[in-house]
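Trainee: Sequence:
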Amino acid sequence: MINTIKGELLLVGMIRCGYCGHPLTTTYNKKSYLTADGILRQWSSAKYRCSGKAEHKVKCTGQTLYSPKRIEGVVLDEVYAYLDWLESYNLADEIKDLKKGDIVLEMTALRAAQTEMSR
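So in UniProt numbering, spot 112 of the sequence shown is number 112, and the numbers just go up one at a time.
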């Protein structure tokens with residue numbers, strides 16, 4: 001079984017492939033090159049990977065690998081937009097309206113119960 005919640009990427013375990021629905025897991029993309037003075041330089045970077053496509057579980061038509069900057073950037077943009085909206089939204093008025101609605105429902109239920117009892 002694949003561990004879909006462990007890794008250095010922000011959203012591992014919370015997101016799925018938009019094409020096949022399988023979890024996006026962590027994989028590492030390794031690169032290396034030889035410098036002019038003969039030193040071998042190597043590095044690896046974490047990427048999101050569609051586990052359904054990579055392990056040939058399904059015929060996924062999406063990409064196999066996704067850049068963390070791309071995925072996390074889109075998600076964070078949405079989170080920040082929602083937080084901006086929340087900042088401008090008057091939650092106190094919304095709570096008052098909900099309480100008024102609850103009181104009206106409770107009063108209606110109370111009247112119905114009183115009517116039923118008086119019969």
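Note that these hints are calculated values from the structure, not bench results. Glycine included, C-beta positions come from ideal geometry on N, C-alpha and C. Don't take every hint at face value.
Straight-line distance between alpha carbons at most 30 Å, and here's what the computed BS3-like set of lysine-lysine pairs gives [to be verified]:
id : residue 1 : residue 2
1  : K69       : K96
2  : K53       : K100
3  : K47       : K31
4  : K47       : K30
5  : K30       : K53
6  : K47       : K59
7  : K69       : K57
8  : K53       : K69
9  : K30       : K57
10 : K69       : K99
Derived Cβ-Cβ restraints for the label pairs, each shown as a range [claimed, not checked]:
id : residue 1 : residue 2 : range
11 : I39       : V74       : 36 to 46 Å
12 : G13       : D102      : 32 to 42 Å
13 : K100      : R70       : 41 to 51 Å
14 : A46       : G101      : 16 to 26 Å
15 : V79       : S118      : 48 to 58 Å
16 : L91       : L34       : 53 to 63 Å
17 : M14       : A81       : 49 to 59 Å
18 : L34       : E87       : 33 to 43 Å
19 : R16       : N90       : 48 to 58 Å
20 : R16       : K96       : 46 to 56 Å
Trainee: Taking only the CA atoms, is the gap from K53 to K100 under or equal to 30 Å?
Mentor: Measuring from Cα to Cα gives roughly 51 Å; hence the hint is violated.
Trainee: Could you check the hint for me, namely that L91 and L34 are 53 to 63 Å apart, CB to CB?
Mentor: 59 Å Cβ-Cβ, so the 53 to 63 Å window holds.
Trainee: Assess, step by step, whether the Cα of K30 is no farther than 30 Å from the Cα of K53, and give holds or violated.
Mentor: 20 Å, holds
Trainee: Under the criterion that the straight-line Cα-Cα distance not exceed 30 Å, is the pair K47, K30 satisfied?
Mentor: 10 Å, holds
Trainee: Is it true that the C-beta distance of V79 to S118 lies inside 48 to 58 Å, as the hint says?
Mentor: The hinted range 48 to 58 Å holds for V79 and S118, with Cβ atoms some 54 Å apart.
Trainee: Regarding the pair K53 and K69, is the alpha-carbon distance no greater than 30 Å?
Mentor: 21 Å, holds
Trainee: For the pair supplied as a hint, K30 and K57, confirm whether the alpha-carbon distance does not exceed 30 Å.
Mentor: 24 Å, holds
Trainee: Sort out whether K57 lies within 30 Å of K69, counting only the CA atoms.
Mentor: 26 Å, holds
Trainee: Lying within 33 to 43 Å: is that true of the beta-carbon distance L34 to E87?
Mentor: 52 Å, violated
Trainee: Are A46 and G101 spaced within 16 to 26 Å by their CB atoms?
Mentor: Violated, at about 47 Å.
Trainee: In this structure, is the beta-carbon distance linking I39 and V74 contained in 36 to 46 Å?
Mentor: 37 Å, holds
Trainee: So does R16 sit 48 to 58 Å from N90, Cβ to Cβ?
Mentor: 35 Å, violated
Against the hints set out earlier in the document, violations occur for numbers 1, 2, 10, 14, 17, 18, 19 and 20.
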